[in-house]
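The lines below spell out each chain.
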Amino acid sequence: MVDELHLFRDLLDKQLVDGEDRPLGKADGVVFEIRADGPPRLVAVEVGASAVLRRVSRRLAEASARIARRLGVGSGEPLRVDPERFVHFGKEVKVDIDAPRTAAYAWERWLRRTLIGRIPGSDA
Amino acid sequence: MLGLVALSFVAGVFILRPDWSEVARGFVPSRPNGEAAHYGYLAVSILGATISPYLLNFYSAGAIEDDWGEKDVATNRIVSVFGMGFGSVVSMGVLAMAALVLAPRGIRVEGYEQAALILTAPFGKWGLPLFAASLAVGCFGAALEVALNLSYVLAQALGWNWGEDQRPKDDARFCTVYTVAIAIGAILIAAGIPPLKLTMFSMALTVLILPLIVFPFLVILNDPRYLRTHRNGRLSNLVVLAILAMGAVLALVVIPLEVVGGR
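Chains A and B, in that order, are what the protein sequence lines are. First residue of the first sequence: 1, per this note's numbering; consecutive thereafter. First residue of the second sequence: 1, per this note's numbering; consecutive thereafter.
The hints are simulated quantities; they were obtained by calculation from the structure and are not laboratory data. Where is the CB? At the ideal position from N, CA and C, for every residue including glycine. There are no misleading hints in this set.
Listed below are several chain A residues computed to face chain B (Cβ distance under 8 Å; list not exhaustive):
id	residue
1	Leu16
2	Pro23
3	Glu108
4	Leu111
5	Ser122
Only pairs whose alpha carbons sit at most 20 Å apart, straight line, appear in this in silico EDC-like list of lysine to aspartate or glutamate:
id	chain 1	residue 1	chain 2	residue 2
6	A	Lys14	A	Glu46
7	A	Lys94	A	Asp13
8	A	Lys94	A	Glu84
9	A	Lys91	B	Asp67
10	A	Lys91	B	Asp223
11	B	Lys169	A	Asp21
12	A	Lys91	A	Asp10
13	A	Lys91	A	Asp3
14	B	Lys125	B	Glu113
15	A	Lys91	B	Glu65
16	B	Lys169	A	Glu20
17	B	Lys169	A	Asp98
18	A	Lys14	A	Asp82
19	A	Lys91	A	Glu46
20	A	Lys14	A	Glu4
21	A	Lys94	A	Glu20
22	A	Lys91	A	Glu20
23	A	Lys14	A	Asp3
24	A	Lys14	A	Asp96
25	A	Lys94	A	Asp21
26	B	Lys169	A	Asp123
Here chain B stands alone, though its shape is the one from the complex (with noise of 0.2 Å):
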């Protein structure tokens, strides 16, 4: 619920009163004038926000824990249809606060700091505490997901007990790894590396690895055995492969090509 905060970013659009044929028409992908590199890097950055692998794994654990069944689909599929949706809206909301307010005034996020003030111009004095809860609610839920997702992959891979319902007593590997988990991720942090950097290379090295996660997914998605009636589409399965070839090539060109040209 805490996360509804982010949706400061969309009503911010609507209070800056845009152009909207012109809002339609950036959401559109345009050839990038200039730094063709580093624009596929934020592309393919985007992209692994998006989808990023470590959900699969995330969502399937709970489901285990959970028991899911048949009569679970439903209910699912609207959860994935407005999780993906709201993320998507936010998104958006955040890319078109970002050229109506930074763009034109010629500044280039390269800290969160700077980020900060594209929620000042609709809400002013009330910008600066908007943003800080958004990031603030949505990055102690993806360390703590991402944390747990560890320890999920670990303790499914190498065959341990393993429950987040459990007494921390009673699956001490499984709590060992998402708290030293937290505790690298914090060094790291305190250590001074600059966290939109890092977060952005994550993001896109994320679609470098989306295949190799996503891939087995696709197989046990059409096998009848498992799914029967459940399984996958011809239509869902191209727009999946087509969706993981094209970030992992883009990924391929345009991670090193970031990486050497580094500003």
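Pulled out of the complex, with its shape left as it was, chain A reads as follows (with noise of 0.2 Å):
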């Protein structure tokens, strides 16, 4: 681990990648804890496009979390990474996490299975 952690230059947008260096995403937003007794402390790392869409705007990020829902992709909730997970900071971010299972590839498999993979030659 680095000692110090520069927030937009170590960490936002960064590319994810799990333990077996396969993409999760981009680090898409973080969330705070406000406590009362001590300083604001990291508790997630957001990735997904609703975590991308809310930096633009709340409405954008509700929208495409109902068609996620709606379409039966998932909960359309960013996934969110524990900081305790993170192993390395680098040109990538390394995550010890196994990323094809997580929320994060909800839309992977949501194509996967209604699209793509109907598609003759999809597993050649």
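Take the two lone chains, each set in its own frame, and fit them into one complex as the hints suggest.
Written out as structure tokens, the structure is:
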């Protein structure tokens, strides 16, 4: 771990990869906990369309989540990664997590099931 | 290899035996006689078609996927020189043929079907099939490249798993983007948008966004931490910046004129 983490330079919008270098997504958002007895504390890094859209407009984020729910893609909520799971900060940020099983792959799984998997040759 | 059929444009020029000094003079940019806006629009479109920004993403994505390193620099120099050279020679062939065949007859090309006449002058009845084959190979290649590039851009910007070598099932989002892109393109054309006008317009727009795409590349090209001894020289930087600035300014001026003046 680095001693000092610059939120914008080292984390936000960086590529996240899992232990096997599979892409998880980008660090689309950060969540801090405001504490009465101390400085704000980073509690999660968010990954997903609704997280990145929330930076532009809350309404867009809600619309994207609604579409995801209606199509049965998933909850539409961004994946929240616990800072405990961050193992390395570099050009990419390595996270101890099984990427394809997370909510970050909800659209990937949905598209595989409903579209790509049905096209002949998708297994080749 | 199929792309070699496009060389028929170059061969055509030789068959027609033009006055070579005239041809050479034609390639020197001259002041347009009348219709300056349309002339500028054509120039911008040609520039956009020659240095399409998508090539930069597309090529780099390939470099990541094939894991190129320092040893591949020399090969790539050769490929880029010959690739751009081939493209430019073919474009010059097309231009010269248009000047030789169409201009004397007073034909102004409004659609691809008229452009086909270019090759019937030197090749007779073979002209049309040759033209159709060149167009088909060019369009097929471009459609695949551009659609695939859209997948590369989205996947890399949004941090998805991607790769042309993976099974489509294993990067479904990546595959969906290019599949949908081709479908949308086909629908637009089937809806009756004139393909030649659409091509010209998108090529001109391309020049507008060129600085946005190329400038970040230029920064990396000058970064000694990335490229050590292989970084850009001062002359190349100057040339790139000059072309970008010239193209963008010209595009900003002529695109609105072409749209407003819409013939």
